[in-house]
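Colleague: Protein sequence lines, in the order shown, are assigned to chains B and V.
When you line the first sequence up against our numbering, it's residues 1 to 394, in that order.
When you line the second sequence up against our numbering, it's residues 1 to 85, in that order.
The hints are simulated quantities; they were obtained by calculation from the structure and are not laboratory data.
It cannot be assumed that every hint is accurate.
So, partial list: chain V residues that the calculated Cβ filter (under 10 Å) puts toward chain B [unchecked claim]:
#, residue
1, L40
2, E48
3, G52
4, I54
5, R55
6, L63
7, D71
8, V79
9, I80
10, L82
From chain V, some residues computed to sit far from chain B (all C-beta separations above 10 Å) [said to hold, decoys possible]:
#, residue
11, V23
12, R70
13, L84
Glycine is no exception: its CB is placed at the ideal position from the N, C-alpha and C atoms.
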Amino acid sequence: MMEKIVNLFMGCVRMEAKGAYPANILNRMARAGIDFWDAEPAEDFVVRFTVRSSDQEKVARIAGSSLCTVKALEKRGSVVLLRRLRRRRMLLACLAICLLILGASSLYIWDIEVTGNEAVSDGEILRALEECGVSIGSFWPNFSSDLIRNSMILKIPELRWMTVNVSNSRAEVIVRERVPKPEIIDNDAPVSVTARKTGIIKKMNVLQGRPAVGVGNAVVAGETLVTGVMESPYADTRHVHAMAEIEAAVWYELTAQAELFTYEKAYSGRSGSRWALNLGGERINFYRNTGGNSGSCDKITLEYPFALEGVFTLPITLVREEFPEYELVRTARDETALESSLEAELISVLEQEMDGRGEVISSAFSASKQNGLLIVTLRAECREDIAVETPFVP
Amino acid sequence: MDWREAVAEKFDLPAEAAGTVKVTVVGRRRLLVENHRGILEYARDRIEVGGGNIRIRINGDGLELCAMDRDAILVTGTVISLELI
Numbered sequence: 001m002m003e004k005i006v007n008l009f010m011g012c013v014r015m016e017a018k019g020a021y022p023a024n025i026l027n028r029m030a031r032a033g034i035d036f037w038d039a040e041p042a043e044d045f046v047v048r049f050t051v052r053s054s055d056q057e058k059v060a061r062i063a064g065s066s067l068c069t070v071k072a073l074e075k076r077g078s079v080v081l082l083r084r085l086r087r088r089r090m091l092l093a094c095l096a097i098c099l100l101i102l103g104a105s106s107l108y109i110w111d112i113e114v115t116g117n118e119a120v121s122d123g124e125i126l127r128a129l130e131e132c133g134v135s136i137g138s139f140w141p142n143f144s145s146d147l148i149r150n151s152m153i154l155k156i157p158e159l160r161w162m163t164v165n166v167s168n169s170r171a172e173v174i175v176r177e178r179v180p181k182p183e184i185i186d187n188d189a190p191v192s193v194t195a196r197k198t199g200i201i202k203k204m205n206v207l208q209g210r211p212a213v214g215v216g217n218a219v220v221a222g223e224t225l226v227t228g229v230m231e232s233p234y235a236d237t238r239h240v241h242a243m244a245e246i247e248a249a250v251w252y253e254l255t256a257q258a259e260l261f262t263y264e265k266a267y268s269g270r271s272g273s274r275w276a277l278n279l280g281g282e283r284i285n286f287y288r289n290t291g292g293n294s295g296s297c298d299k300i301t302l303e304y305p306f307a308l309e310g311v312f313t314l315p316i317t318l319v320r321e322e323f324p325e326y327e328l329v330r331t332a333r334d335e336t337a338l339e340s341s342l343e344a345e346l347i348s349v350l351e352q353e354m355d356g357r358g359e360v361i362s363s364a365f366s367a368s369k370q371n372g373l374l375i376v377t378l379r380a381e382c383r384e385d386i387a388v389e390t391p392f393v394p
Numbered sequence: 001m002d003w004r005e006a007v008a009e010k011f012d013l014p015a016e017a018a019g020t021v022k023v024t025v026v027g028r029r030r031l032l033v034e035n036h037r038g039i040l041e042y043a044r045d046r047i048e049v050g051g052g053n054i055r056i057r058i059n060g061d062g063l064e065l066c067a068m069d070r071d072a073i074l075v076t077g078t079v080i081s082l083e084l085i
């Protein structure tokens, strides 16, 4: 296959040899080291074969000594194509202009890809890049990676490092974000321990400070459990950083509801479509009505960029918009599945409420229907750490 | 026995190394003749290749000389039978 492509590129000739013993010319060509292929007997005393364009004259000489006559049937390959094109000057000129445009367009940015960002959004980075002169249609040989990096880090302090790599009109922006500093806890700051939930205290483990409540006491959210104010009849009042683990029984009643009926799309099968061309950010619509279709319909946009992945990218994108029509149909939902999903949702909410600082002791679900709604209630008893440090000013 | 074959046999050499014709058939669609002495007959249904003191007759259908050089001939098409004459 590869050899055939090379031969086609170099140029080859389909030839016909006629004589009393046409196989003789094949033998002589083989002995003379002339490569030939696709040899086939056409009719009596005629054989056809393909040779390279450069070997055509040698074949003619061999044919003379083989008592055969040869003629060229067809010439193929890039050399022949170029010879043919020589006469078609306008076509050649258009081809040259196209190549020039393609070459010139490769000096501009037509696609920007941002990678490595998590906290900072793509849009924020792209806006800052635009202010630094890097945008769609920018002339990339003018770019200075150092200048862009310095400007970008000043504009977006969350960035630690960045670089812009340009390849085939595509700018790949690689960023590295700063790691946020951990919160430093001042263990000497005066702090009291308060309750973050309402409940009954089951266990207390006070490491520092004076307990304000005891095991078995009911506390409300915000109530002081361990105070950082240490009073003494023999010395001045001291203010300490109270620390404690307070385990309490907490009760939750959470409710979730969902409609028993829903509206689903039923596609009618009718669909409209329209085309547009995006030319370097400028949109050219191939339709008149820009208001969209009347009635209920989805909008599906398909984009076909004029690009060869990894080779070149042009700022031209063909856009096709499809509008499949649908009607909304009221349908009943599966109650069992709906109830299960609401229960799962409530368990997830309960886990969020506990914030990983407790466990469920007992729980029960109840469901009821009211005004077309399914209402699911979760009642749970949990054992959790309700202590939270609250700073105070002495 | 051809003298080349006799020499190869004497010195424990593969016969094709001494220039004896070698035929390799790959399925029904490909046939390679090495160390040939040229084509003797060429038609769509029959190709005869010289191999020194033997002639190789390839009978088939739609036979085509895919490639040929001074040492080897590659025949494609449907090979039905092979005769050594």
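Colleague: For every hint, state whether the structure bears it out.
Modeller: Do the hints match the structure? See the list:
1. Interface restraint check: L40/V against chain B, minimum CB-CB distance 7 Å, threshold 10 Å, status holds.
2. Hint on E48/V holds. Least Cβ distance to chain B is approximately 9 Å, under the 10 Å limit.
3. Evaluation of the G52/V hint against chain B yields a violated restraint, the C-beta minimum of about 14 Å exceeding 10 Å.
4. Here the hint on I54/V is broken, as its CB sits about 17 Å from the closest CB of chain B, past 10 Å.
5. Contact between R55/V and chain B, as hinted, is not supported at the beta carbon level, the nearest pair being about 13 Å apart and thus beyond 10 Å.
6. With a least beta-carbon distance of about 9 Å to chain B, the hint placing L63/V at the interface is held under the 10 Å criterion.
7. A least Cβ separation of about 8 Å between D71/V and chain B falls short of the 10 Å threshold, and the interface hint therefore holds.
8. The criterion of a C-beta within 10 Å of any C-beta in chain B is not met by V79/V, whose closest approach is roughly 16 Å, and the hint is violated.
9. Because the closest C-beta pair between I80/V and chain B is about 17 Å apart, greater than 10 Å, the hint is violated.
10. The interface hint given for L82/V is violated, since its Cβ lies 18 Å from the closest Cβ of chain B, which is over the 10 Å cut-off.
11. Every CB of chain B is more than 10 Å from the CB of V23/V (nearest about 17 Å), matching its label as outside the interface.
12. The Cβ of R70/V does not lie farther than 10 Å from every Cβ of chain B; its closest approach is about 5 Å, which violates its non-interface assignment.
13. The Cβ of L84/V sits about 19 Å from the closest Cβ of chain B, beyond the 10 Å cut-off, so the non-interface label holds.
Taken one by one, the earlier hints fail for this structure at numbers 3, 4, 5, 8, 9, 10 and 12, listed in ascending order.
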